[in-house]
Amino acid sequence: MQDKKQEWQRVGIYFLLSYAIAYLPEIFLGWKMGNYENWNDPKLMVWFLFATFSPAIAVVLTRTITGEGWKDSLLHLNLKGNLKYYVLSVFFLIAFELPRGITANLMAGETPFAGFTVPKFFGILLLTAGMSIPLAFVNFGEELGWRGYLYPKLEKLIGVPGTVILGGIIWGLWHAPLTVKGHNFGTDYPGFPYLGLLLMSLFCISLGAFLMWLTKKTNSVYPASIAHSVNNNSAGLVAYSLFSEKIDKDSINLFQQSAVMIGYMLILAIIFTLLILKDSKKQNIPAET
Amino acid sequence: MKGLLYKELVQNKTVLWSVGLCCVFSSFFLGIMPFLLDGEESIENDSYSVIMMLFVTILDYFFLLCLQGNFFQNDERKKWAYFVASSPETSAGQVRSKYFLVILCDMGVLIWTYFFENIANVFQNTLTGTISISAIMFFFHLFLSAFDIPFMVRFGTKGGNMVHTVMFVLLAAFCGIYLLFGDLSVFGSFDAFYEKIMNFLNSENTSDWIYFGIGLFMWIAMGLYYLSYQLSCKFYLKGAEHYAR
Numbered sequence: 001m002q003d004k005k006q007e008w009q010r011v012g013i014y015f016l017l018s019y020a021i022a023y024l025p026e027i028f029l030g031w032k033m034g035n036y037e038n039w040n041d042p043k044l045m046v047w048f049l050f051a052t053f054s055p056a057i058a059v060v061l062t063r064t065i066t067g068e069g070w071k072d073s074l075l076h077l078n079l080k081g082n083l084k085y086y087v088l089s090v091f092f093l094i095a096f097e098l099p100r101g102i103t104a105n106l107m108a109g110e111t112p113f114a115g116f117t118v119p120k121f122f123g124i125l126l127l128t129a130g131m132s133i134p135l136a137f138v139n140f141g142e143e144l145g146w147r148g149y150l151y152p153k154l155e156k157l158i159g160v161p162g163t164v165i166l167g168g169i170i171w172g173l174w175h176a177p178l179t180v181k182g183h184n185f186g187t188d189y190p191g192f193p194y195l196g197l198l199l200m201s202l203f204c205i206s207l208g209a210f211l212m213w214l215t216k217k218t219n220s221v222y223p224a225s226i227a228h229s230v231n232n233n234s235a236g237l238v239a240y241s242l243f244s245e246k247i248d249k250d251s252i253n254l255f256q257q258s259a260v261m262i263g264y265m266l267i268l269a270i271i272f273t274l275l276i277l278k279d280s281k282k283q284n285i286p287a288e289t
Numbered sequence: 001m002k003g004l005l006y007k008e009l010v011q012n013k014t015v016l017w018s019v020g021l022c023c024v025f026s027s028f029f030l031g032i033m034p035f036l037l038d039g040e041e042s043i044e045n046d047s048y049s050v051i052m053m054l055f056v057t058i059l060d061y062f063f064l065l066c067l068q069g070n071f072f073q074n075d076e077r078k079k080w081a082y083f084v085a086s087s088p089e090t091s092a093g094q095v096r097s098k099y100f101l102v103i104l105c106d107m108g109v110l111i112w113t114y115f116f117e118n119i120a121n122v123f124q125n126t127l128t129g130t131i132s133i134s135a136i137m138f139f140f141h142l143f144l145s146a147f148d149i150p151f152m153v154r155f156g157t158k159g160g161n162m163v164h165t166v167m168f169v170l171l172a173a174f175c176g177i178y179l180l181f182g183d184l185s186v187f188g189s190f191d192a193f194y195e196k197i198m199n200f201l202n203s204e205n206t207s208d209w210i211y212f213g214i215g216l217f218m219w220i221a222m223g224l225y226y227l228s229y230q231l232s233c234k235f236y237l238k239g240a241e242h243y244a245r
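Chain order of the listed sequences is A and B. Everything in the first sequence is counted per my numbering, starting at 1 for the first residue and increasing by one. Everything in the second sequence is counted per my numbering, starting at 1 for the first residue and increasing by one.
Keep in mind that the hints are not guaranteed to be accurate.
[Claimed, not checked] Within a straight-line C-alpha distance of at most 25 Å, the following computed SDA-like cross-link-like pairs (lysine to any residue) qualify:
| id | chain 1 | residue 1 | chain 2 | residue 2 |
| --- | --- | --- | --- | --- |
| 1 | A | Lys281 | A | Leu83 |
| 2 | A | Lys32 | B | Met1 |
| 3 | A | Lys84 | B | Met1 |
[To be verified] Cβ pair distances, simulated, as ranges:
| id | chain 1 | residue 1 | chain 2 | residue 2 | range |
| --- | --- | --- | --- | --- | --- |
| 4 | A | Phe113 | B | Gly213 | 17 to 25 Å |
| 5 | B | Ile133 | A | Ile65 | 54 to 62 Å |
| 6 | A | Leu77 | B | Lys78 | 25 to 33 Å |
Read the hints as simulated data drawn from the structure, not as lab findings. Computed from a predicted structure; not experimentally measured. Even glycine gets a Cβ: it sits at the ideal position worked out from N, Cα and C.
Let the hints inform the model, and build the full structure from the sequences given.
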């Protein structure tokens with residue numbers, strides 16, 4: 001009981017710190033600059049760095065304040081025996097963009113792979129996948145915080161499905177100052193910005209399940225950082241590379257496109273939550289007998 | 001591995017500091033100083049800022065490439081080589097720690113250029129967005145190191161330096177030949193140069209193949225680096241026989 005109370009306290013401190021450090025500069029930027037497309041003032045963009053790394057800063061502060069140390073920080077690479085998960089972290093989310101491209105083509109009355117050419121498709125695939133590996137450090141801060149600290153704590157407190165949902169909502173709403181300024185889905189969609197916030201939370205629930213599975217499988221936050229980096233850097237590029245020439249990429253509604261993608265990803269969330277549950281059961285059986 | 005890596009970090013503290021200081025000073029003098037001296041009004045050219053940031057990025061990786069030979073030189077002792085080969089880590093562990101250290105430094109330079117770009121942009125009063133170029137340079141450094149390191153392991157740092165010299169001489173010869181016989185009109189002004197590069201990259205016909213080539217190069221660089229590690233493991237004890245001490 002005392003342990004649970006202590007864990008909730010730690011989660012609370014981390015939650016407050018990660019939100020405060022991210023929200024303050026982002027709200028300030030939004031107030032000064034308006035919508036996200038106007039955020040091009042280099043002086044203010046430096047503040048944005050703090051927001052990006054706020055989960056990592058919050059972890060360092062929380063671990064220091066609570067005195068819990070760096071045990072279970074998941075900072076080891078654990079490459080041995082886990083190479084397949086590292087490969088998966090690079091290519092899985094890119095492969096997941098294929099249905100999005102195929103759906104767009106079918107909706108435009110084209111064949112599924114209408115826009116496919118070898119240099120265009122494989123060029124973007126190899127480039128985004130390759131580049132995302134070293135650039136994973138940009139997302140390392142988030143992964144250290146969410147998958148490396150918050151999710152394991154929540155898992156102990158509310159179980160796997162609860163962690164996927166609550167963790168996803170916390171992670172999704174952490175993006176709120178950006179979402180309401182149009183960063184994720186633009187501003188031109190019905191129910192703006194509330195539907196955007198809901199969609200972002202659903203997206204984070206889905207992606208969070210996969211990242212949580214990766215982290216638990218490897219006992220390391222690095223594969224999740226790479227997968228997160230792939231997700232951010234590819235940003236639909238692989239799907240776009242399949243688009244037929246008939247589809248005008250500039251007129252694509254980000255919200256509609258993301259809604260299609262998130263539809264697919266929710267299936268992913270269910271599959272990975274079940275996989276985590278299955279693994280947890282496997283691990284618990286020898287301990288109980 | 002952890003222990004050997006710790007040894008590498010402690011042993012190469014001076015080299016690491018040197019790489020760090022070189023990066024900091026070169027970045028400051030090229031990326032910020034010109035803009036501080038001339039003020040925001042006189043340098044309002046975005047392409048100039050981009051080219052300066054590219055130059056800073058290339059220079060930072062160049063410093064690392066030049067100084068990384070010291071990581072190997074510090075361990076060129078027969079006694080140490082045979083000791084580590086007989087330890088549970090074996091010579092493969094020793095080589096692995098060196099390769100890992102080079103990647104760590106490569107990552108360090110990438111992270112530095114990312115943060116520095118954000119700070120320099122404040123003085124340049126523009127957003128240059130050259131981090132993807134820095135990521136490509138990361139792989140280019142891996143590619144060069146993949147050739148460089150096995151020579152250092154097999155023939156000592158002197159052998160490695162020979163490879164460096166040959167690489168730079170070839171590069172200088174290529175530049176020299178281009179300067180003598182090539183089309184120099186593209187270098188007429190920063191704007192013209194930048195515009196030509198951007199037009200080339202954005203043209204429908206070439207961009208797909210360029211992206212394909214760069215993407216493929218990244219994966220080839222990673223593969224070569226791994227092959228280079230395997231080769232260095234084989235060469236390590238043969239190389240140790242030629243150590244002076």
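Please flag the earlier hints that this structure goes against, numbers listed from lowest up. Hints 2, 5 are the ones this structure does not satisfy, whereas the remaining hints hold.
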